[in-house]
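K.L.:
If you want my numbering, it's the 1-based position in the sequence shown plus 168.
Just so you know, these hints were derived from the structure itself, not from any lab. Nothing here was measured: the structure is a model prediction, and the numbers come from that model. Treat the hints with caution; some may be incorrect.
Between beta-carbon pairs, the in silico distance windows are [unchecked claim]:
{"#": "1", "residue 1": "335", "residue 2": "282", "range": "41 to 51 Å"}
{"#": "2", "residue 1": "208", "residue 2": "305", "range": "26 to 36 Å"}
{"#": "3", "residue 1": "196", "residue 2": "269", "range": "11 to 21 Å"}
{"#": "4", "residue 1": "176", "residue 2": "305", "range": "13 to 23 Å"}
From the three backbone atoms N, C-alpha and C, an ideal C-beta is built for every residue, glycine too.
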Amino acid sequence: MAIPIGGPAQQIAYFVPDVVEAAMQHSAIYGSGPYYVVREIPLTTCLYYEEPAHFVHTSAYGQWGEVMIEFVQQDSAERSCFTDLYPDGAQGMHHVALIVDDLKSAMHGFEDAGHPAALYAEVAPGQGFAMMDCVAELGHFIELYEPSEALLGVYELVRASAQGWDGSDPIRDLSFS
169 MAIPIGGPAQ QIAYFVPDVV EAAMQHSAIY GSGPYYVVRE IPLTTCLYYE
219 EPAHFVHTSA YGQWGEVMIE FVQQDSAERS CFTDLYPDGA QGMHHVALIV
269 DDLKSAMHGF EDAGHPAALY AEVAPGQGFA MMDCVAELGH FIELYEPSEA
319 LLGVYELVRA SAQGWDGSDP IRDLSFS
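Generate coordinates for the entire structure from the input sequences, incorporating the hints supplied.
P.N.:
So, in structure tokens, the structure goes:
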């Protein structure tokens with residue numbers, strides 16, 4: 169059964185022990201960047217397979233050609249969809265992100281196809297995202313979120329900063345608050 173997901177992948181994300189180190193390496197090897205680091209991203213809601221959870225993470229966002237690259241490090245010790253895929257300090261490609269018109273509808277489509285929400289979280293009330301468990305089929309998760317002014321603003325900032333970037337100042341701080 170086809171899952172109605174909308175447009176193409178917007179982002180490829182990797183789970184790593186240190187986002188700054190990973191971003192610096194990727195930038196040096198592939199020319200991606202610059203990277204915007206958001207530390208200890210606050211979540212107002214967090215569910216791990218529908219159960220209340222605590223998940224603290226830091227992310228670095230940079231542009232690589234037409235796609236955003238995200239590096240994610242987990243700052244909390246609790247089990248998560250990140251440590252499920254990469255336990256004991258392992259690292260690798262974790263998810264592909266899609267922007268969908270209706271988050272709840274897209275989540276239901278994935279769930280109906282046998283891909284539960286491993287993580288549902290909100291960075292602010294009503295600004296949610298979900299990690300759909302497609303590991304058995306694809307080897308990674310699919311992240312879903314709706315377009316919002318804040319989300320699209322981050323994508324535009326990252327994309328615009330990469331245009332004509334000379335390689336200087338590859339790591340930059342950003343805050344979501």
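K.L.:
Which numbered hints does this structure break?
P.N.:
3
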